[in-house]
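Visitor: Each protein sequence line maps, in turn, to chains L and E.
Note that this note's numbering has the first sequence beginning at 1, numbered continuously upward.
Note that this note's numbering has the second sequence beginning at 1, numbered continuously upward.
Keep in mind the hints are simulated off the structure, nothing from the lab.
Keep in mind it's a predicted model, so treat the numbers as computed, not measured.
Be aware that a few hints might be false.
Copies of the same chain look alike in the list, so a pair counts if it works inside one copy or between any two.
[To be verified] In silico lysine-lysine, DSS-like type, Cα no more than 25 Å apart, as pairs:
| hint | residue 1 | residue 2 |
| --- | --- | --- |
| 1 | 281 | 385 |
| 2 | 385 | 280 |
| 3 | 361 | 19 |
| 4 | 24 | 368 |
| 5 | 126 | 281 |
| 6 | 8 | 19 |
| 7 | 170 | 242 |
| 8 | 369 | 24 |
| 9 | 368 | 20 |
| 10 | 422 | 24 |
| 11 | 207 | 129 |
| 12 | 8 | 362 |
There are 2 protein chains.
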Amino acid sequence: MRYDEMSKEALQEELSALKKQYHKMQTMDLHLDMSRGKPCIDQLDLSMGLMDVLDSSSDLTCDDGTDCRNYGQLTGIDEARELIGDMMENNPNDIIIYGNSSLNVMYDTVSRAYTHGIMGNTPWCKLDKVKFLCPVPGYDRHFAITEYFGIEMIPVPMNDHGPEMAIVEKLVAEDESIKGIWCVPKYSNPSGISYSDETVRRFARLKPAARDFRIFWDNAYGMHHLYDDRQDYLIEILAECKRAGNPDLVYKFASTSKITFPGSGIAALATSPNNMEDIKKQLRNQTIGHDKVNQLRHVRFFQDIHGMVEHMRKHADILRPKFEMVENTLAEELGDKGVGSWTTPLGGYFIGFESLPGCAKKIVARCKKAGVVMTPAGATWPYGKDPQDTSIRIAPTFPPLDDLREAAQLFCLCVKIVSVEKILADREA
Amino acid sequence: MRYDEMSKEALQEELSALKKQYHKMQTMDLHLDMSRGKPCIDQLDLSMGLMDVLDSSSDLTCDDGTDCRNYGQLTGIDEARELIGDMMENNPNDIIIYGNSSLNVMYDTVSRAYTHGIMGNTPWCKLDKVKFLCPVPGYDRHFAITEYFGIEMIPVPMNDHGPEMAIVEKLVAEDESIKGIWCVPKYSNPSGISYSDETVRRFARLKPAARDFRIFWDNAYGMHHLYDDRQDYLIEILAECKRAGNPDLVYKFASTSKITFPGSGIAALATSPNNMEDIKKQLRNQTIGHDKVNQLRHVRFFQDIHGMVEHMRKHADILRPKFEMVENTLAEELGDKGVGSWTTPLGGYFIGFESLPGCAKKIVARCKKAGVVMTPAGATWPYGKDPQDTSIRIAPTFPPLDDLREAAQLFCLCVKIVSVEKILADREA
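Just chain L, with the same shape it has in the complex (with noise of 0.2 Å):
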């Protein structure tokens, strides 16, 4: 029965039951973290073999004659762009191979723009004014990246195919000061959704007042599905865009951190021959390569793209009945009671939970209380604040599934006492 059709006294009983329930949990001194995308051990434990590709008999040498323990290839050894090409769906040509981490890929990035300006336009730190869209919910980097430069950020809406194209089109037509947009296309952080391909057409023909707008497509999750047989497909941007008149329209970010290990991995760029132009021409100021090593060794561990499909199988065998035991449980606890909405991905690395209309802050300082840490409310919009106070991020990939089981029946737990509470204080104004 939905909660606001029931009497003030059902619910003041509920209330009352719910709590005991509560103070119950609380005494079982919880120590569970549902609040970053991180693998679990069991996830890491599948990319162990990764360290022993590589041993001291080893030729480190690349086809091309490479040595890949000395320096230089700034832009990555070939066998590299060619696995992350096929990961990417992009031609190896079009890539960069970087560090470890795509997020410092995406910040040299905005940096790159600030400092210098993108293929001759004005560097952004010479504007008064410079505003990239955010896609709400969205990730909590990302927006922290253009907070800390200073960048202005719109949110804009997302539904179920993507972020509202018709007020991206019309943002990005009318102000010339916005710049970017933030996207996470596929099994998007935090709701899980994949963009439609009506969204992918429509981003690709963006007619941008700024010559220098640039998507910004952190395609992170672009092989984390949870399903053989039910998988998001995406349009591949960079080709749509050349089909569309539009090649430099896009930035392109990947890597390996949640197939191999975060923090060991291997980052990318895929961007048009022009854009590539650009950056090479500051890359090669920054650094004089990156780790070739371990760019050999993720070649040599999957071998090719079909090796890394049959190791995200491995991923998804673990991470299904995670995801599967949070939508369970939701909508055992939470299916008929009227108090929240929530997606069920068929891929990445998290939920989508809207609640009720100011009660996301709640039910996440409800869940600290009793030992289960979620991401903070409104780390999902830009600046932290999230109007209407609903967005909650659920990350179920780290607890262990039994631990999970706790959290999520925790989580429920706070949704509902706050969610009647709120109900209640809502009668009485």
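Given the coordinates of chain L, work out where chain E should sit on it, guided by the hints.
Guide: Just chain E, lined up with the frame of chain L:
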């Protein structure tokens, strides 16, 4: 006999004989590279054990419980900060472990000052003028960074004890737009000299007009001695600055690029707690953390600083004969000719050569035409402009000893030819 004491006829005869030798060497079809400070294959082989210290049965957990395979540890794992602390002679708490390239750390340090300023001071991008002092001859990649950011570079002459400190002191005290100075204080690039105690003491006592003036102290060759019994010692700059009451004056950089593998080592920055806090504010927007597995790999490989010292002795055993051979060749071929001077460093990667005025470019060009690539003449000066055209960097590390012998012979031959031509032309004029 000195060339400048020889008659015109004798010089012409000598020139004709030298050119015959040169043409003979041209027929040898040499393809040798003395242009960059690259370790040779034998040196790289010394570190192949790095590939063995971790395998799939290894526990990749730190003493404090950090799983090196997962996200986190912005400033590096404790074990690596300890080891690199010993390497840099700094408190582990004052150290940030970065990715694979100290050049990248230096670039990012300049970039951060440019975009956000240092410790609350105006970002350099908002200033009309920013200048750096550049001791010359110096390192071309340093100069490339400051040039890329539009920072005006002011050359300061080097002597046998470091930069001319009277000039440095005067300039930084007078001009608030001078924000930094590039230093390679030990086994300097390219001259190989080390800063004297007096020089370091005076650096630590600088009274810059700019509150955001910083010494960029690139201690790239701190461990890179050629001899066991004769080594340069450098006063540790952070400690000296602290003693002098200027704790925040220095950013100090180092890496294992020329200890293990260039491109696959670990880089680090050491600085005061105030600077550290300032940097971390930015760093946490740029990355979640650097490659901890590679940090652990280095720690397990060396065990401790003694292990690293022993390892460096093996490098020295490979490099010493190369340096000595080049120095002996220079002495034999040029010692009595009065056509140049050179350094005989106790460590590092380079020998500095000073030709007669107006000869460096021609010498390097002549070497190239016979198959020996040197660092471009002028590269050791800001903007690639060596006003006297005298400075040549000799990088003897990469070629095998036999090749190096030929390269050194050819170099001396080119010095002689160009110098004789110059002396003859001067007499004509």
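Visitor: All the hints need checking, so say for each whether the structure fits it.
Guide: Status of the hints after comparison with the structure:
no.	hint	result
1	281 / 385	between (37 Å within a copy, 20 Å between copies)
2	385 / 280	between (36 Å within a copy, 24 Å between copies)
3	361 / 19	within (18 Å within a copy, 83 Å between copies)
4	24 / 368	within (15 Å within a copy, 81 Å between copies)
5	126 / 281	both (20 Å within a copy, 23 Å between copies)
6	8 / 19	within (16 Å within a copy, 106 Å between copies)
7	170 / 242	within (22 Å within a copy, 56 Å between copies)
8	369 / 24	within (12 Å within a copy, 84 Å between copies)
9	368 / 20	within (17 Å within a copy, 84 Å between copies)
10	422 / 24	within (22 Å within a copy, 93 Å between copies)
11	207 / 129	within (20 Å within a copy, 37 Å between copies)
12	8 / 362	within (21 Å within a copy, 94 Å between copies)
When each numbered hint is compared with the structure, no violation occurs for any of them.
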